[in-house]
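Asks: Chain residues, written in single-letter form:
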Amino acid sequence: MEDGNTYEDLRNMREQQIKHVATDHSELNHFHDHLIGQVVHRALEKVKKEWGPPPSPFSFFLMGSGGRFEQALWSDQDHGIVYEMPSNEAHDYFLKLGKEISDGLHSVGYEYCDGNVMASNPLWCKSIEEWKRQLENWMEDESFEAIRHLLIFIDARVLVGRESYIKDLKHVIHTQIVESPFLLKRMLNNTMRLQKGIGVFGQLLVETHGSHTGEINLKQTALFPYVNAVRLLAMKDGVMKTSTLSRLDSLSDEMSRFKHHDYKDKFRQLLQFRLVYGKQENYEAVHYVTIDSLPKEQKKELKEMMKTGIELYNDTTKTIEKGCS
Amino acid sequence: MFLMNSLWVMFSAVLVILMLGGFILLEAGSTRMKNAGHIAGKTIFTFGIASLVFWAVGYGLIFGEGNGFFGLTDFFYSGYEIEGLGLSGPVFFLFQLAFAGISLTIAFGGFAERAKLTAYILFAVLFSVLVYPVIAHWIWGGGWLAEHGKQDFAGSTVVHLTGAMGAFAATILLKPRIGKYNKDGSPNNIAGHNQVFTALGVLVLWVGWFGFNAGSTLSADAAFFGFVAMNTNLAAGAGAVAALFVAWAVTGKADVPTMLNGGLAGLVAITASCAFVDTWAAVVIGLVAGFIVFYSMRFFEKRKVDDPIFALSVHGVAGVWGTLSNGLFATPELATVGKPGLFYGGGFEQLGVQALGVGASGAYAFVVSFILLVIIKKVLNGLRVTEEEEIIGLDLSEHGSYGYPEFLETRHQSGQHGESSSKSG
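Line by line, the protein sequences give chains F and E. The opening position of the first sequence corresponds to residue 3 in my numbering, with each subsequent residue numbered one higher. The opening position of the second sequence corresponds to residue 6 in my numbering, with each subsequent residue numbered one higher.
Incorrect hints may appear among the rest.
Examples of chain F residues toward chain E, derived with CB under 8 Å [what the hints assert, rightly or not]:
no. : residue
1   : Arg150
2   : Val202
3   : Leu207
Because the hints were derived from the structure by calculation, they are not lab data. Backbone N, C-alpha and C fix where the C-beta goes; we use that ideal spot for every residue, glycine too.
Kindly produce the complete structure, drawing on both the sequences and the hints.
Replies: Encoded structure:
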């Protein structure tokens, strides 16, 4: 192979190198970015060989934890493609590319997305005009699923290609939110359900059955309140950044209390906590922490992080609801 | 009065026999579809066995003339009147027979989803001869515990604890169901297939319990049965409330099966004390029962005792608590048998009598059931169906047809066997 990086090479690279960055959140995510970028280039080469060069400029973007620069050691795929010039040829070409990328990512160690949020799915691989129409439809539709799709898209971050496409598309959403703040309320309702991590006696609520008995799901109980709340605040404020930390940083003065509170510190602490105490065997286990083996100090720390997340979530709920009344 | 008493107790006997319907719904709802027909069917035919055995020997072993340990007369009871009873002999017989049937059905809870049909048949006969009547004689038939003044009004010990000990022995010998525990020892939740059935089962049992407890007055005199029924209802309500609360507080989930078991635990607990305690005490007894049933369920699950319908916690642990509660709450006015409880100046005497009764009865029921099951295991070359049979379900393996044929046969053909154990809770 011309530049040596087959998927297998990339997989080996992952296996050998990831441990060196496994306990540093930022380094780990740069590593993921680099690796996924390599997979995309490799996939593009393969498609080029068969089908020639891309028929249009495009960009490949990550969503989910990848989009937010918040991946754990293991992660699943969430990605899409936007291209500039619509044509039947482009439609087929980029779907083919999307398929190649998701297969490539899979062989390098990124699970396929359960919800099929992948560039191999026509829903997430479109020309910019089609994307615009789709976003407008979603916003008009307001069904639970449509809102969920919007929330996923809001975390999009370009990894390969031009950034302006995604910026333009997000602008469409933001404009609509400014016009009808009720949309934010719909988004809030969509992410309303939190899994409780702390009981009435202040105890940590662990799984009682199944292979994760005695463990707690960090993603559901601790990370999601922060991520979901801050995404909404960012949308309200027209912040285009995608990571929870940078979103908090970029909030306007009007919402400065969110910035100045210790939300950021606690969330940063939480990301680190997941890397240190989370189970690391595979994607299925990566968000779980075994509570019994946790030192007392860390249990307390975890509870604090959870409580602060709920506080942030409640505060956000109030802010959004006020803005809609 | 003879006629009124007979009518009241006949009505109660009907209510108690209808409790089997409650058990069918409870047990089938709490287990998987592929075993539903089997569970419903075995409940009926084992009651048939219990009825025949009770007529032949059970009644005589309990109420016949004999010694402190069992009776030896009145076998093959032919319906004659019994002197000094104050109600029709056959009515009394039917009422007592119903209790024996309930105790056996409780024991079968521990067999659920994995025991051979033949094991059910043999155990039904042996339990109905060697286990239940002996304990019933001790406490209700003028046996050695009755002489001590043991208070067990309607059978927290006699019926429920005895049944639960049979279930305990069975569940130990049968071992957990396939898929209940992971390799690392963590338990999976094998969810029942129909929570509506389970809830209806509890409701049918709750109503049937008015026959069970209030009928145990054996008399319509002064309508005392109303007071007993009221206490029964209060304890059931308190048990359900307490269990839901404790499940929510401790696990964060307002778990429906736990709440239902709490209601049943309240009923089981008040069974011993319903005629001996004040109403406020009935509420306390129910609340405590709902509370302990939650911890008991968790305890046994953790100890690798797979008790699919929680017979051990609901009937065993709550039965013990209910029997002991007399020793605390029995009032001087109501304690027609034995002494008042600790909180009414009776000191520890009655509590001691209750503890002795529970200990002796529980130990006897467990040890004898265990031995009987070991023998049955030898004779049948194993108590448990084969792995394949357990996977396709006892409906098909033991009876040749599914309780839900349209649904399960399609799944069976497509090779899925109706397995539905959830991987993570």
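Asks: Each hint needs a verdict: does it hold in this structure or not?
Replies: Hints, one by one, checked against the model:
For F:Arg150, the shortest C-beta to C-beta distance to chain E is roughly 22 Å, which exceeds 8 Å, and the interface hint is violated. Below 8 Å, beta-carbon pairs count as interface contacts, and F:Val202 has one with chain E at about 5 Å; its hint therefore holds. For F:Leu207, the interface hint holds, since its Cβ comes within 8 Å of a Cβ in chain E; the closest pair sits about 4 Å apart.
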